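> Sequence:
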Amino acid sequence: MNFLKLFFILVIIPCQSYALNFSSTILKLNCPERGLVEVILHVYEHTQQSWKGHFETGAGHKRVGDIEIIPFANGDTLLHRISTDTFGYVYYGEERVKHCLKLDERPVYPTFG
-17 MNFLKLFFIL VIIPCQSYAL NFSSTILKLN CPERGLVEVI LHVYEHTQQS
33 WKGHFETGAG HKRVGDIEII PFANGDTLLH RISTDTFGYV YYGEERVKHC
83 LKLDERPVYP TFG
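Sequential numbering of the sequence shown, starting at -17, is according to my numbering.
For the record, the hints were derived by calculation from the structure and aren't laboratory data. Do not rely on the hints blindly, as some may be mistaken.
[Said to hold, decoys possible] Mimicking BS3-like on lysine-lysine, the simulated pairs with C-alpha atoms at most 30 Å apart in a straight line are:
hint	residue 1	residue 2
1	LYS84	LYS34
2	LYS10	LYS84
3	LYS34	LYS80
4	LYS44	LYS80
5	LYS10	LYS80
6	LYS10	LYS44
7	LYS34	LYS10
8	LYS34	LYS44
9	LYS84	LYS44
The model shown is predicted, which means the values in this text are computed figures rather than measured ones.
Let the hints inform the model, and build the full structure from the sequences given.
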């Protein structure tokens, strides 16, 4: 019985990956050439990204198999592989994927001041 519990805790739970919550999520990524990138996924499929004085918006996303594709108005595309919970960008004007390290993912909660 203890082996089954240990197996479940070490193997089954960490292997679960989920699609992104496109109604209220903040992602913090460390990406090549940009450093810290903050991506916010809002309700109504509005998205935004910011890094080092840049701010871009986008709308919509699509899923193709195991990949979620999030385009931005400046031509950048964020990719999320659901099974491994990994992220990458295809920057505007480039063809190669730049792999990013996920630093944080958390829900967005409204604040009323």
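> Does the structure break any of the earlier hints, and which numbers would those be?
none
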